[in-house]
Amino acid sequence: NAGVTQTPKFQVLKTGQSMTLQCAQDMNHNSMYWYRQDPGMGLRLIYYSASEGTTDKGEVPNGYNVSRLNKREFSLRLESAAPSQTSVYFCASSEWAATNQPQHFGDGTRLSIL
Amino acid sequence: SQQGEEDPQALSIQEGENATMNCSYKTSINNLQWYRQNSGRGLVHLILIRSNEREKHSGRLRVTLDTSKKSSSLLITASRAADTASYFCATRTTGANNLFFGTGTRLTVIP
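Protein chains in written order, with this note's numbering: chain A, 33 to 146; chain B, 6 to 116.
Please keep in mind that the hints were generated in silico from the structure rather than gathered at the bench.
C-beta atoms are modelled at their ideal positions from N, C-alpha and C, and glycine is treated no differently.
Fair warning: there could be bad hints in the mix.
To be verified - Computed list of lysine-lysine pairs in DSBU-like fashion (alpha-carbon distance at most 30 Å, straight line): (1) K61(B) - K31(B); (2) K75(B) - K61(B); (3) K75(B) - K89(A); (4) K75(B) - K31(B); (5) K89(A) - K46(A); (6) K31(B) - K89(A).
To be verified - To list a few chain B residues with every Cβ distance to chain A over 10 Å, as calculated: (7) R65; (8) R67; (9) A83.
To be verified - For the chain A half of the interface with chain B, some residues (derived, Cβ under 8 Å), not all of them: (10) F42; (11) G72; (12) G74; (13) A82; (14) G85; (15) P93; (16) A129; (17) P134; (18) Q135; (19) F137.
Using the sequences plus the hints, can you model the full thing?
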């Protein structure tokens with residue numbers, strides 16, 4: 033059981049470069065999420081997709097865009113990377129967003145921006 | 006911010022001892038969840054407690070919720086070295102589509 037798969041696992045970028053983080057889930061979940069985790073800050077929601085075809089901003093959306101490609105895949109794009117976006121990025125999914133269902137997480141993408 | 010706060014930030018105990026960590030939050034909630042994160046890995050869901058519940062058990066885990074104090078506690082009994090991880094609480098408000106995570110407690114269990 034793969035669960036939630038994130039690629040790449042590690043990436044180093046230069047300031048101003050762009051990149052897309054990929055996420056796929058095989059649990060037939062309807063809702064997907066992107067978080068960033070910084071030391072001492074816990075997880076903060078960047079964007080989420082409550083269902084296929086919808087996306088909404090979370091707590092820290094500035095500098096990011098997302099695409100819900102299909103029910104399985106939800107990508108996060110940094111158009112012009114900045115050092116402040118150095119972080120660990122986690123993708124998660126759940127059966128439905130506004131329910132008591134738990135979220136299932138991938139193992140993260142560690143992104144460094146120089 | 007609706008983000009919760011865990012206390013203590015770090016906890017170190019001997020194997021076999023009990024570990025207690027606390028979570029405080031700011032707004033009315035629908036449910037509160039606890040997650041574990043091993044080093045270098047994603048979060049794993051442990052247990053969920055609804056706002057109308059006061060206590061819940063799952064194996065060696067015991068969670069309590071006091072909505073009047075806006076706080077929750079997670080007790081791990083008879084700890085094992087494998088319990089070494091960071092533990093996060095997360096809250097969901099009624100009608101909200103997302104969770105708000107706390108800052109975490111780093112638990113170290115010494116063999």
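Worksheet entry | chain B contact restraint for A82(A) - C-beta distance below 8 Å | holds, 5 Å
| task | Would you settle whether the hint for F137(A) is holds or violated, based on the nearest Cβ-Cβ distance to chain B being less than 8 Å? | result | Since chain B brings a Cβ to about 3 Å from F137(A), closer than 8 Å, the hint holds.
* Keeping to a limit of 30 Å between CA atoms, is the pair of K31(B) and K89(A) held or broken? -> holds, 21 Å
Is the nearest CB of chain A more than 10 Å from the CB of R65(B)? Nearest chain A Cβ is 18 Å from R65(B), so the label holds.
Was the hint right that P93(A) lines chain B, CB cutoff 8 Å? Violated. Min distance 12 Å.
Legend entry - Restraint check for K75(B) with K89(A), where alpha carbons must lie at most 30 Å apart: holds, 26 Å
- Item | Status of R67(B), Cβ more than 10 Å from any chain A Cβ | holds, 18 Å
**Q.** Proposed proximity, K46(A) with K89(A) (alpha carbon, max 30 Å)
**A.** Between K89(A) and K46(A) the Cα gap is close to 26 Å, so the pair holds against 30 Å.
Could you check if Q135(A) really has its C-beta closer than 8 Å to a C-beta on chain B?
-> holds, 7 Å
Check your understanding: A83(B): least C-beta distance to chain A exceeds 10 Å?
Key -> Nearest chain A Cβ is 24 Å from A83(B), so the label holds.
task: Mind checking the alpha carbons of K61(B) and K31(B) for me, to see if they're no more than 30 Å apart?
output: Roughly 21 Å separates the two Cα atoms, so the pair holds.
Restraint outcome when A129(A) is required to lie within 8 Å of chain B by C-beta distance: Interface hint status for A129(A): holds (4 Å vs cutoff 8 Å).
Comparing the model with each numbered hint stated earlier shows that hints 10, 14 and 15 do not hold.
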